[in-house]
Amino acid sequence: MYADARSIIQAAATAGLSVRVPTALQDTSWAQEIWGFGRWDRVSKSKTFETSPAIIATPDGPVLQELEFSLTPAWAREYPLRASTYNARLNRPKVKRGTQAIQTDDSDQPVFERVYEYPAYRSAWSQGRFCLVPLSAGIESSYAGEYDQQRFAFSLPDGALMFLLGLWDEWINRQSGETHRGFTLFTSFPQAAMRRFGHHREVVMVDHTLWPQLLDGSPKTAAAYTHIIQNRIDPPYQATPYAPLKTRKGAPGAEDFLYPEEDQALMDTAGRDWLQSRLNALATP
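For the sequence shown, the residue numbers in this note's numbering are 1 to 285.
No lab work stands behind these hints: they were computed from the structure.
Note that the structure is a prediction, hence the values are computed from the model and not measured.
Note that CB positions come from ideal geometry on N, CA and C, so glycine has one too.
Possibly wrong hints are sitting among the right ones.
Unchecked claim - Using 20 Å as the maximum straight-line C-alpha spacing, the simulated EDC-like pairs for lysine to aspartate or glutamate come out as follows:
| id | residue 1 | residue 2 |
| --- | --- | --- |
| 1 | LYS96 | ASP108 |
| 2 | LYS94 | ASP108 |
| 3 | LYS96 | GLU113 |
| 4 | LYS96 | ASP106 |
| 5 | LYS94 | GLU78 |
| 6 | LYS94 | GLU117 |
| 7 | LYS246 | ASP108 |
| 8 | LYS94 | GLU255 |
| 9 | LYS96 | ASP256 |
| 10 | LYS246 | ASP148 |
| 11 | LYS96 | GLU255 |
| 12 | LYS94 | ASP263 |
| 13 | LYS96 | GLU117 |
| 14 | LYS249 | ASP106 |
| 15 | LYS94 | GLU262 |
| 16 | LYS94 | ASP256 |
| 17 | LYS94 | GLU113 |
| 18 | LYS94 | GLU261 |
| 19 | LYS94 | ASP105 |
| 20 | LYS249 | ASP105 |
Stated by the list, open to error - Estimated spans, in silico, between C-beta atoms of each pair:
| id | residue 1 | residue 2 | range |
| --- | --- | --- | --- |
| 21 | PRO119 | ALA223 | 17 to 27 Å |
| 22 | LYS249 | LEU279 | 38 to 48 Å |
| 23 | THR240 | ILE172 | 39 to 49 Å |
| 24 | ARG151 | GLN100 | 32 to 42 Å |
| 25 | ASP105 | GLN26 | 46 to 56 Å |
All chains should be modelled from the sequences, with the hints used to inform the complete structure.
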């Protein structure tokens, strides 16, 4: 399946978002059936990327651009950033520096930090560099549930484009002027379909009425975080097997099933029970 510039703009317009398209991209189409990941080559110390269309927020309004799937923040000393920036978890437990131990408060509860506090994303967030990434299908790994020990492809039942929310940033080489624009996708707790498939997180889609506000190019504060988590939608994803997982390397740990109170208040009982069951399973020898 392919997505072309015209179909992306039409879908956005139907949802109430007017998007400008540069002349160079007006007749462009992108393969959108399979979602790949950038890879770090240890020998050459370089990174390769998938590219994707993305509707990015700018001071002049939303614009369709082609971006790399992996964000290198503007302040980074070199490109690419070696750390993984494909996904930006909306909140995560803080880890004690130099250890894998989770920080706790005086009540022995995990301390969380929000995405707008992460060093890699703080600048992009404050500048309002949000983006919507149109996608036909995504690929995830499962270590439980219906697709245990498999990678699976997920999509919307009617084949419509999924507009996934994230951040974009621009890195410029100060000596050569070389420019790289990349994005990261927000993730949060899994909802009904993703829990059934067995994945521990889920990309974020928000109600389309929030798109114009998020992509207006204005500076953003913590208030935008609240708007996002309160306006997530629960897509009725369908899934099919993609490929078996040969090992359990990369399986989630306890920190992947910990969420702050604002998230737990938005979960249904089934969601909270699922997270607790996964934590219990990890605690069992």
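Hints and how they fare:
| no. | hint | verdict |
| --- | --- | --- |
| 1 | LYS96 to ASP108 | 14 Å, holds |
| 2 | LYS94 to ASP108 | 13 Å, holds |
| 3 | LYS96 to GLU113 | 12 Å, holds |
| 4 | LYS96 to ASP106 | 15 Å, holds |
| 5 | LYS94 to GLU78 | 26 Å, violated |
| 6 | LYS94 to GLU117 | 11 Å, holds |
| 7 | LYS246 to ASP108 | 37 Å, violated |
| 8 | LYS94 to GLU255 | 9 Å, holds |
| 9 | LYS96 to ASP256 | 16 Å, holds |
| 10 | LYS246 to ASP148 | 12 Å, holds |
| 11 | LYS96 to GLU255 | 13 Å, holds |
| 12 | LYS94 to ASP263 | 16 Å, holds |
| 13 | LYS96 to GLU117 | 16 Å, holds |
| 14 | LYS249 to ASP106 | 34 Å, violated |
| 15 | LYS94 to GLU262 | 16 Å, holds |
| 16 | LYS94 to ASP256 | 12 Å, holds |
| 17 | LYS94 to GLU113 | 6 Å, holds |
| 18 | LYS94 to GLU261 | 15 Å, holds |
| 19 | LYS94 to ASP105 | 11 Å, holds |
| 20 | LYS249 to ASP105 | 31 Å, violated |
| 21 | PRO119 to ALA223: 17 to 27 Å | 21 Å, holds |
| 22 | LYS249 to LEU279: 38 to 48 Å | 20 Å, violated |
| 23 | THR240 to ILE172: 39 to 49 Å | 41 Å, holds |
| 24 | ARG151 to GLN100: 32 to 42 Å | 26 Å, violated |
| 25 | ASP105 to GLN26: 46 to 56 Å | 53 Å, holds |
In this structure, the hints that do not hold are numbers 5, 7, 14, 20, 22 and 24, in rising order.
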